[in-house]
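**Student:** Chain residues, written in single-letter form:
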Amino acid sequence: MNSVIAGITLRQLVSRRRTVLLLLLGLVLIVVALVFRLAGDEARAMHFTAGLLSSLGVGTLMPLVALILGTGAIGAEIDDGTAVFLLSKPLSRRSVVLTKLVVAAACAIALTSGPMLVAGVLGAGGLGDGLVLGFVAAAAIGSVLYAAIFLALSLVTSRALVLGLAYVLIWEGLLAGLFAGTRTFSIRQQTLAFADALAGVPKAVFEAKLDVATATVVAVILLVGATLIAIRRLSSFEIAGETA
Amino acid sequence: MADGSATVELTNVSRWYGNVVAVNDISFRLDGGVTGLLGPNGAGKSTILHMLAGFLAPSSGSVTIGGAPSWRHPEMYRRIGLVPEREAVYPFLTGREFARANARLQGMTPAAAEAAATRAIALVELEDAADRPIGTYSKGMRQRAKVAAALVHDPSILLLDEPFNGMDPRQRLHMMDLLRSMAAEGRTILFSSHILEEVERLAGRVLVIVAGRLAASGDFREIRRLMTDRPHTFTVRSSDDRALAAALLTLPTIAGAALDGGLLTVRSTDFGAFSRAVSGVARRAGISLHELLPTDESLESVFSYLVRR
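Heads up: the sequence lines are chains X and B, in that order. Position 51, counted from 1, in the first sequence is what my numbering calls 1239; the numbers after and before it change by one each time, with no gaps. Position 241, counted from 1, in the second sequence is what my numbering calls 242; the numbers after and before it change by one each time, with no gaps.
Only chain B is shown next, with the shape it has when bound in the complex (with noise of 0.2 Å):
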């Protein structure tokens, strides 16, 4: 898949509704791996997602699939394979007669669907439901069935929206596994999500995505150190707060502490060591801990730390 067939690009994209801006001049290049798509809801990964799909027009820039525009051109669904957001699937069909009317829409004759269906089904380990019709299904399970019926055809662009919404941990890891498995062998693979930890697991390069702009992009090791590196704050509930503050105050990472009210809230520089070493220290001094809180670990201030750097 080197000859360029599995490249995505936006070139100075936007694209607006009325006034409202939803996706502000982006510009990016993909040509293989993982890329995970992260951001806060609305920020406009579904709208950057749709216009590669080709269901929206970009109001101005380029989108681009192997080289060809993607709005108006049904023929690049041949290399694409898409996992919509929205949950709906035929409730009537079974997820093989939904895998198999995919593999079918794709151009393949009836015997080639019917074994393309067979193997998608299986690389979602959706074998046990397959007869099943989709109403019964879980949302988990219609997750499965949606991505088995992207990869019939065995695309050379994976586009998922939100993928892993409703999979228990399990089948997300699964999940994990076989995107990763499928990048290996040359596709190129975005998905979105608005949960860190799925996008510091999966994807190897990352496009954060706050209020329509690109924030930041690049590895994920570079943008996880850049949200790490700003100052956190915990508040923290003990059986004696005032000697836990003096005991975290000799920790290199603390940047401050305070009681207010009753309550301690402690500034760290550095999350990670901070959150390791803080059980160690209050069992050394014989303190129990009760309850250790970040305050402002919400995705959007992370992702509003990033917008003003």
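Pulled out of the complex, with its shape left as it was, chain X reads as follows (with noise of 0.2 Å):
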């Protein structure tokens, strides 16, 4: 970690106009809670509350704002040439990468594992037998992996936005939907396995669609290999070129 780069990539990020948006977001989900809590049907509260938090928190919420923040904390900086002055410097890349994938993945956990909480205990009622923790538990666990996954994507490709995009729309939106195979490698999935295992809430009040154990190993390689990933391609960046 390196408290500088920190600094630079929070206030970098917090004074994006995006960032602003994402709390809209997060707004959204506390304001459909609440119009819930307002027309007060408490038999429904646990379900409607999982369902609110696996939709619109994890489904939502969560992977939109670690695809801006995770793609920004880094690739901003590529695109317009400021990151010259983070490498020009006599640190390992290593040290840069991590800083970053901190800094990305604090500010995701803030700005979804906020809100959730608070749609979640306003939808609840309350804690909901550990519902809402288990969810905002879990949200924080996902925010770390896609902050990772995007932050590598960004060092691999410039159209990393566009292709999160994709990948949270078609591959978790539509085929982990259709085809169960695709769901072990779906962030979405695993984040609700987590959530299913740290809620501990009956099955009829949510249940996930892929098990804690396959969740967790599949979680880490992809933390780890798209670390890896990153570190890797930012040891050999390269200034886009001028043609000659």
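Just so you know, the hints here were simulated from the structure itself, not pulled from any lab data. Here the structure is a predicted model, which is why all the values come from computation and not from measurement. Treat the hints with care, as some may be off.
What the hints assert, rightly or not - Far from chain X by the CB rule (all over 10 Å, computed), these chain B residues: (1) Ser28; (2) Asp32; (3) Leu57; (4) Ala69; (5) Glu186; (6) Ala244; (7) Gly262.
As the list claims (entries may be wrong) - Just so you have them, the derived chain X footprint on chain B, three or more residues with Cβ under 8 Å: (8) 46-56; (9) 83-91.
From the three backbone atoms N, C-alpha and C, an ideal C-beta is built for every residue, glycine too.
Dock the two chains into a complex; use the hints.
**Tutor:** Printed below as a string of structure tokens:
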């Protein structure tokens, strides 16, 4: 970890307009929960909260937040050329990648788990026997995974945002619903598996489609793999060349 | 700095992108002083600087800084100060914060970084704007903030890509003085430019790059002589072109004059002498000079002359 890079990255992520949009997205989650609470259908509170946190929280807010922050953490600096100021220093590229990842993941957790906690408490009228905290903790793990993958993607391609969105919408949104095998490599499904395990609520309330053991193994492989790829890519980072 | 730590060397270096050759078999060695990398846009100057700065791997040949390869060698940044051509600097940081961050990233303690940032800001005369966000800076101020950031750790080698872009004439002169004095202390300074006058004023040594090749290298005066010895063509408009042509032909440096379609074209063998003499000749002949334009003074034409030579 490098505190100077962490500080610059944090200010950079916070000062972007997109980050404000992500805050608004989190607010939508809270507003939906608030509307439900005001409607006062207490009998469905657990079902509703599980559905809200899994679809709108884990399914929408978490990937979008991590996509914007993960691809922006270093990709934005590479795009505008400011990355040169960080990379022309006697620092290991590993420390640059790890610092960026920690900051991006921390911001993603704050912008995802924060609104999910508030929305969950509103929806369930409390912590819902571990349901809310289970989802909040699982979303934190999912945010780290997504951030690592999207950060690596931004070092592999200049179209990381588009490809990341395609992964979330097509692979996770479409294919993982149709073919069981594709769920193994879906961060969303892994996160839901963690939520299921951590929340410990009855299957009637919520049940993940992926078992937690598989999710854990694949998640660790993805996290380590993405981080190693990112370090490797940054170690041989080349400035886009002029055409002679 | 006579220990070779400030030595910059390219040996038979080529770099290509797919089928496009950006740099073609270039070799040179620099051991201190100011060197200008001169060439038209797209000639390969930035590619050379990027290879030296460790941001591009040579496709063949070797690029070394202080004897060690520059590629994938972050430790060398302790002795290198880099001013990239791209303008972007973190807009939310102030000039002082930016310089301080660069010093901290060089491994300085907070107190040492503060002192180094203050010194570097003063060197580039950015004190008045140092505590304003860089987002509010003019192009020339941003450029100076980048130079300050490159100087914070007192590097023995400075690589600057088009450093004078956006600076006003006074800032330009100040920056030239600064670079000259740094070179006098034994540093190796390499800067790129596509503007002949910048290189002429600052660099003792010049590397002329044209289409990826080293077209000429050496003392600037020598290259300048090669450039100015070629014939130059001017178009002239005056109150009496015919009389002016006759008067000009008496000058020893005039190789020919032609009146074509009402336009007087003059060929001279000595750019400087002709430019100085022409107004005197016109005045003595009682002719008003309206316009005097060199027709082939684009840098590209100078370069293509050097390449053909």
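**Student:** Work down the list of hints and note, for each, if the structure agrees.
**Tutor:** Against the structure, the hints come out as follows:
Against the 10 Å criterion, Ser28 (chain B) stays outside the reach of chain X, whose nearest CB is about 18 Å from its own CB. Non-interface call for Asp32 (chain B) relative to chain X: holds, since the shortest CB-CB distance, roughly 22 Å, exceeds 10 Å. Non-interface status of Leu57 (chain B) relative to chain X is broken: a Cβ of that chain comes within 10 Å, the nearest being about 5 Å off. With a minimum CB-CB distance of about 13 Å to chain X, Ala69 (chain B) clears the 10 Å threshold, and the non-interface call stands.
Every C-beta of chain X lies more than 10 Å from that of Glu186 (chain B), the closest at about 21 Å, which supports listing it as non-interface. The beta carbon of Ala244 (chain B) sits about 48 Å from the closest Cβ of chain X, which is more than 10 Å, so the claim that it is off the interface holds. Chain X leaves Gly262 (chain B) outside its interface by the beta-carbon criterion, the shortest separation being 38 Å against a cut-off of 10 Å. For a cut-off of 8 Å, the count of residues in the segment 46-56 of chain B with a CB near a CB of chain X stands at 6, and the three-residue condition holds.
Residue count for the segment 83-91 of chain B with a Cβ under 8 Å from a Cβ of chain X: 7. That meets the three needed, and the coverage hint holds.
In the structure shown, a violation is registered for the earlier hint numbered 3 alone.
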